[in-house]
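In case you want the letters, here they are:
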Amino acid sequence: MADETRAPQQHSPSHHSSSSSGGRPPGGGPGGSRPPGPRRGKRNYVRKKKVCRFCVDKVDLIDYKKPEILQSFVQERGKILPRRMTGTCARHQRWLTIAIKRAQNIALLPFATEL
Amino acid sequence: MEERLYDLIFICRPDTPEAEIDKLIATLTHAVEEKQAKVEKVEKWGTRRLAYRVKKLREGFYVYMVLRSSHGELFKELERRLRVTDSVVKYLTVRLDEEIKRQEKLSNRREKRNARRPRKTAPAAPGAEQAATAVG
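Residue numbers (this note's numbering), protein chains in the order written: chain R, 1 to 115; chain U, 116 to 251.
Looking at chain R on its own, in the form it has when it is part of the complex:
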């Protein structure tokens, strides 16, 4: 979302340099033709930027012996949540999957929930 709104703004000074984009804050809105406020399109919300939780906490080693932490990266049925859902960075997701799979092996996390 953020990229979409910023992309037309970079073009605007070249088209009409004097009139617009003088005192505007960056990322305020594209072009100027559209009124401020919510957009008319379907996606008129700003998606919150997800940040990797392990990066925020500065985790260098994901411990497979702590199922309480791993639990929040697993679906209710036991599937590992994808990165696009949790916002985990690639490196931490890589470590996380290993940790989850180890925890599954020693029955700290389920492979799949039983009926």
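Incorrect hints may appear among the rest.
Cut-off 30 Å, straight-line C-alpha distance, at most; resulting in silico cross-link-like pairs (DSS-like, lysine-lysine) [what the hints assert, rightly or not]:
hint	chain 1	residue 1	chain 2	residue 2
1	R	Lys101	U	Lys191
2	R	Lys65	U	Lys191
3	R	Lys79	U	Lys159
4	U	Lys205	R	Lys66
5	R	Lys58	U	Lys216
6	R	Lys58	U	Lys191
7	R	Lys65	U	Lys159
The hints are simulated quantities; they were obtained by calculation from the structure and are not laboratory data. Just so we're clear, the structure is a prediction, and the values are computed from it rather than from any experiment.
Got chain R sorted already, so can you dock chain U onto it with the hints?
This is chain U only, laid out in the frame that chain R set:
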């Protein structure tokens, strides 16, 4: 050969008497020391709920050990013993030294970076403010 660090976790049946578990830990420790390896830590986590049924059990008594050894052969022997023991339902050995080495490297690098530029938060703050106004 360099020494390596391993985690060894095993799960006993919850109805095993504690004395028997202690005895098992003692025999394992003995086998470890026979190969000039070291037991760094032994933790009894106690009875926990299993995430899934193992040998029709829903609970198990977890024992966690940290070992330092330069003989990979040792773990063949330990795992054989655990397999043979009737009260043990599940076990897992994980080699951890490489991950810990990586962790230390990353932590050291972070510390160094913070030491070089201690006032990293000060110039970042106005930028964050701008971003906040732009979104709002």
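Here is how each hint holds up against the structure:
For the hint linking lysine 101 (chain R) to lysine 191 (chain U), the alpha-carbon distance of about 22 Å falls within 30 Å, and the restraint holds. A hinted pair counts as satisfied when its Cα atoms are at most 30 Å apart, and lysine 65 (chain R) with lysine 191 (chain U) qualifies at roughly 23 Å. A distance of roughly 29 Å separates the Cα atoms of lysine 79 (chain R) and lysine 159 (chain U); the hinted pair therefore holds under the 30 Å criterion. Pair hint lysine 205 (chain U) plus lysine 66 (chain R) holds up; C-alpha atoms about 18 Å apart against a cutoff of 30 Å.
Restraint check: the Cα-Cα separation between lysine 58 (chain R) and lysine 216 (chain U) comes to about 16 Å, which is no more than 30 Å; the hinted pair holds. At roughly 36 Å between alpha-carbon atoms, lysine 58 (chain R) and lysine 191 (chain U) are farther apart than 30 Å, so this suggested pair is violated. Taking the CA atoms of lysine 65 (chain R) and lysine 159 (chain U), the gap is about 13 Å. The hint holds against a cut of 30 Å.
Checked against the numbered hints above, the structure breaks only hint 6 and satisfies the rest.
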